[in-house]
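Top line first, the protein sequences correspond to chains A and B. First residue of the first sequence: 1, per my numbering; consecutive thereafter. First residue of the second sequence: 1001, per my numbering; consecutive thereafter.
Honestly, I wouldn't trust all of these hints.
[Stated by the list, open to error] Okay, derived cross-link-like pairs now, BS3-like style, lysine-lysine, Cα gap no bigger than 27 Å in a straight line: (1) B/K1128 to B/K1215; (2) B/K1122 to A/K83; (3) A/K70 to B/K1054; (4) B/K1089 to B/K1128; (5) B/K1195 to B/K1122; (6) A/K30 to A/K70.
Hints were generated in silico from the structure; no laboratory data involved. This structure is a prediction, so every number in the text was calculated from the model and none was measured.
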Amino acid sequence: MLLVTGLLLLGGCDPTDNPHGGGDDPIDIKPKATGTLEIDFKVPYSYSLPPNKVLRADLSIAKGAEELYKGRFMRVANVYNNKAKYTFELEPGTYYYQAGIVCIAEGDSCSASNFPGGQWGMKWSIGVGVVTANNTTTVVPQFTN
Amino acid sequence: MRKSIFWGFCALLLTPVFHNCSTEFEMNAENLNVPIAYCILNSADSFQYVRLQKTYLVDQAALETPPHPDSMIFPGEVVISIERWQDGKPVETVLFQPVTDIPKDTGFFPTENHILYRAKLKVQPLQKYRIYIYIGDKEKVMYAETNTIGRLTVVDPLDIPQRKISLTTGTNYISRWQPVQNAGIYQVALRFNYKETKDGVTELRYFDWPQGYTKPSSAIDFLSSEISGARFMHLLAENIPVDPGVVREVESFDFAILSGGMELRYYIESTAPSEGALLEKPVYSNITNGVGLFSTISRVDVTGLPASSVTIDSIAYSPFTRELNFLDHTGDRDSTNRF
């Protein structure tokens, strides 16, 4: 009985035992290769609005068009007035992005610049970026006037 | 003869030694009733407050025996006034009045008989203010002055509801503001608002997370404080109790950006834990004829900023916070989901 218990204990102490299989082979953990999706989020110039009245409002990334449509984003960036380029480290693949700008001018200036709903109205740009391993893909959202 | 002179000399030497070996001695010096005053002028408030107390003495262990409330305040007449100075002369004088309607937070010191002095005063930026505190019991006038700081202009976050806040592992938020004249220190405080429903009763709750201090730098356009998304997740897990009978919903984020005067900076530095060999630092005071602090702060609040869907889902399903029972951004709680 003592001998059996001892054998079990010794067996349990085998440092090469891999619970996921593979025998004596060490577990090979390698970081997945990633690439960079860079979004050059320029705020478009509008003739009828001062530049500080149109601001970046949203920048979200999804794995597919349907995910984007349903609001199931994998990343949402914090957007700032004084930062134009936003980078995302992602596994290789195709990603969809949406970029939104908001008009904060008072009166009917926003409506005159085709921002729906006037003040706080938003314009959206949706696009695709293909990320490849160890490379940077740059996309520039385009907004209609 | 020589022997007796020797013993006589020894006795003479030992006399003061025996005399000094008395076991009775005074542990405490006499209580000097030193006045202690704190007044931080707040440019975001219409009222300003002064807290006036005094040093006290207890016979028991001081850290185990709270003082009697009466032993911390001065009896008799107290007159507190504040002056705004311009071009070398006072242009505005306001008197403080005692109030007892503001409760003191619980703690070591007694909560009853909590007197504050209040004045209706809107603090002007970039002005010199002088405070005078007359204590009749001591026939003494305490005095201090401070220069108020300029207006604080916050760059991020802006009060734009469309701009959602992302705070998740790997996504930090950077709060920015313009340097303020006369400011010595800055701090950003984040409040996370959430709803908690238990047994059909819903309550609003919040979790406050003050960030570290930021000191002014020269020749830069913006100062900033980076809020770590990973740390935020860990702090939620550490500070919100797990309760299987509770359902929680993310509400919003509030930001408070504060700037303080130079005196406040010196005071904070003097009360911070020591890192060097000098373990006990003297606490900074800028009050003449007493101890305490007279300084100024400016504060800007940006409230009700919504969380991004990724942040809401991350709080609902991340390994650190999934036991807290937060709903995801669709208002659902899919227990099989792993973020």
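Results for each hint:
The hinted pair formed by B/K1128 and B/K1215 meets the criterion: a straight-line CA distance of about 22 Å does not exceed 27 Å. Our distance criterion of 27 Å between C-alpha atoms is broken by B/K1122 and A/K83, whose separation comes to about 36 Å. For a cut-off of 27 Å, the pair hint linking A/K70 to B/K1054 is broken: about 63 Å separates their Cα positions. For a cut-off of 27 Å, the pair hint linking B/K1089 to B/K1128 stands: about 10 Å separates their Cα positions.
Proximity of B/K1195 to B/K1122 is assessed by CA-CA distance (about 35 Å); at most 27 Å being required, the pair is judged violated. For the hint linking A/K30 to A/K70, the alpha-carbon distance of about 33 Å lies beyond 27 Å, and the restraint is violated.
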